[in-house]
Amino acid sequence: MSKNENLNNQNHLNIGGVDVLELVKNYQTPLYVMDESKIRKQCQTFMTSFKHKSVRTEVIYASKAFLNIAIAELIHEEGLSLDVVSGGEMFTAISAGFPASKIYFHGNNKSVDELKLALDHQIGTIVLDNKDELDRLSSIILKNQKIRIMLRINPGIDAHTHEYIRTTKNDSKFGVSIFDPKTLFLIQSIHNHPSLEFVGFHSHIGSQIFETNSFKELAITNLKYIAHIKKQLGIEVKELNLGGGFGAHYTNEDQPFSLESFLPQLLDTIDLTSKELDISTPKVLIEPGRAIVAEAGYTLYTISGTKETFGGKNFIFTDGSMADHLRTALYQAKYHAAIGNRIHDKAEKNYTVTGKACESGDIIIKDIMLPIPQENDILVVYSTGAYHYSMSSNYNRLLKPAVVFASNGKTKLVVKRETYQDLIRNDLRLGK
634 MSKNENLNNQ NHLNIGGVDV LELVKNYQTP LYVMDESKIR KQCQTFMTSF
684 KHKSVRTEVI YASKAFLNIA IAELIHEEGL SLDVVSGGEM FTAISAGFPA
734 SKIYFHGNNK SVDELKLALD HQIGTIVLDN KDELDRLSSI ILKNQKIRIM
784 LRINPGIDAH THEYIRTTKN DSKFGVSIFD PKTLFLIQSI HNHPSLEFVG
834 FHSHIGSQIF ETNSFKELAI TNLKYIAHIK KQLGIEVKEL NLGGGFGAHY
884 TNEDQPFSLE SFLPQLLDTI DLTSKELDIS TPKVLIEPGR AIVAEAGYTL
934 YTISGTKETF GGKNFIFTDG SMADHLRTAL YQAKYHAAIG NRIHDKAEKN
984 YTVTGKACES GDIIIKDIML PIPQENDILV VYSTGAYHYS MSSNYNRLLK
1034 PAVVFASNGK TKLVVKRETY QDLIRNDLRL GK
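Position 291 (the sequence shown) corresponds to 924 in my numbering; numbering is contiguous.
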């Protein structure tokens, strides 16, 4: 439990000033709850810390972590730009009224329809991943259209994180290698295209990274490549997007570094290295997603019972599942949890927390000490703001939970709970 959580005198956890039992009474479980004040505070931390007297900067929210209309509105209110990686994310942002000029369209396999959507809505920047995407875009863009282009490059840096969320290995599916001579021809092709404005590079080393040196190495390697491009092609790279990947706290094993301390240091390094390489210091962009929303999120479950197996394993059964909490099954991710309506009670027994899905891998938390649960207790799983709602599914035809924003003792329903009618709304009968 975070020291920032508010506790009342009834041994209940409060989220955003709202009692968990009130949340459950009003919205049922499973339930995603986002502490709105925490999200805004993290946005402000990035916006105020990622500034430098000699370096232009921009903070872009990586919406794949958590996106709906309400969060897009919030991100705009806080002054951040927005990164989208699909037509669906783009459409959500457009529907929220997010300024198209501040949207960056990313992804590694953009379809023609998605590219047309970006052009039709005058999306600010497209981040091309490879030559095929350049060819697709070139085949549909009109002579009177002009769009800013970044190219995703792969600098080959091996970030120390889970294999599935590491993105700059030499065999990664993302971007083009800075070591491949063909990349120079691709850059030249983009630069020469009459309808494309080549502005710079994008790179990203992965997610959930706690080593500051990884980010500095990424920046320095990219700046050296920018100097190489200037020498080889005579092209000045104006912007450098370093992606995201800043680690968040899930359990006591995680030790995120101070953003307020590190971000100015990173910009100092970029400014100094640019001078040493005799290049113009590019505008620097970052794309935090998880770091903004992860710790602001909580998932509430109702405990239905426990089971001790013949082999001696103790299970807690909840009304959730891997359908609303996929990361444990997918990444072996670890989480902290508590019994929200008995928050002060002493942990007495080791449990595996599971749910309703018909899968042995349906694990929410593999190994955790908790008070002995009672039927209808409320289990609170912490730091579920990133990649939980985004990855939720209807596996086993389970319903997706509602999403609620809580702040200053008030709540806002921002995503309705699914109904059985929602499950079949796109089904068609076989007919005769």
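FYI, nobody ran anything at the bench for these hints, they're computed from the structure.
A quick note: this is a predicted structure, and the numbers were derived from the prediction, not measured.
One thing to keep in mind: the hints can contain errors.
Here are the simulated distance ranges between beta carbons [to be verified]:
1. GLY944 x THR681: 51 to 59 Å
2. LYS1043 x SER993: 38 to 46 Å
3. LYS764 x ASN1009: 30 to 38 Å
4. GLN778 x GLY994: 17 to 25 Å
5. SER894 x GLY944: 43 to 51 Å
6. PHE812 x GLU655: 51 to 59 Å
7. ASP887 x LYS857: 49 to 57 Å
8. LYS946 x GLN661: 25 to 33 Å
9. PHE948 x THR1052: 36 to 44 Å
10. SER810 x LYS946: 31 to 39 Å
Here a beta-carbon is modelled for each residue, glycine too, at the ideal position from N, C-alpha and C.
Here is how each hint holds up against the structure:
Distance hint for GLY944 and THR681: a CB-CB separation of about 53 Å, consistent with the stated range 51 to 59 Å. Remark: the range hint 38 to 46 Å for LYS1043 to SER993 is upheld by a beta-carbon distance near 41 Å. Between LYS764 and ASN1009 the CB atoms are about 57 Å apart, so this pair departs from the stated range of 30 to 38 Å. Checked against the hint of 17 to 25 Å, the pair GLN778 and GLY994 fails, with Cβ atoms roughly 47 Å apart.
Remark: the range hint 43 to 51 Å for SER894 to GLY944 is upheld by a beta-carbon distance near 48 Å. Look at PHE812 against GLU655: about 56 Å separates their beta carbons, and that is inside 51 to 59 Å. Range check, ASP887 to LYS857: Cβ separation about 31 Å, and the 49 to 57 Å hint is violated. Separation of LYS946 from GLN661 is about 29 Å and conforms to the stated range, judged on CB atoms against 25 to 33 Å.
At roughly 29 Å, the beta-carbon separation of PHE948 and THR1052 lies outside the given 36 to 44 Å, and the hint is violated. Separation of SER810 from LYS946 is about 46 Å and departs from the stated range, judged on CB atoms against 31 to 39 Å.
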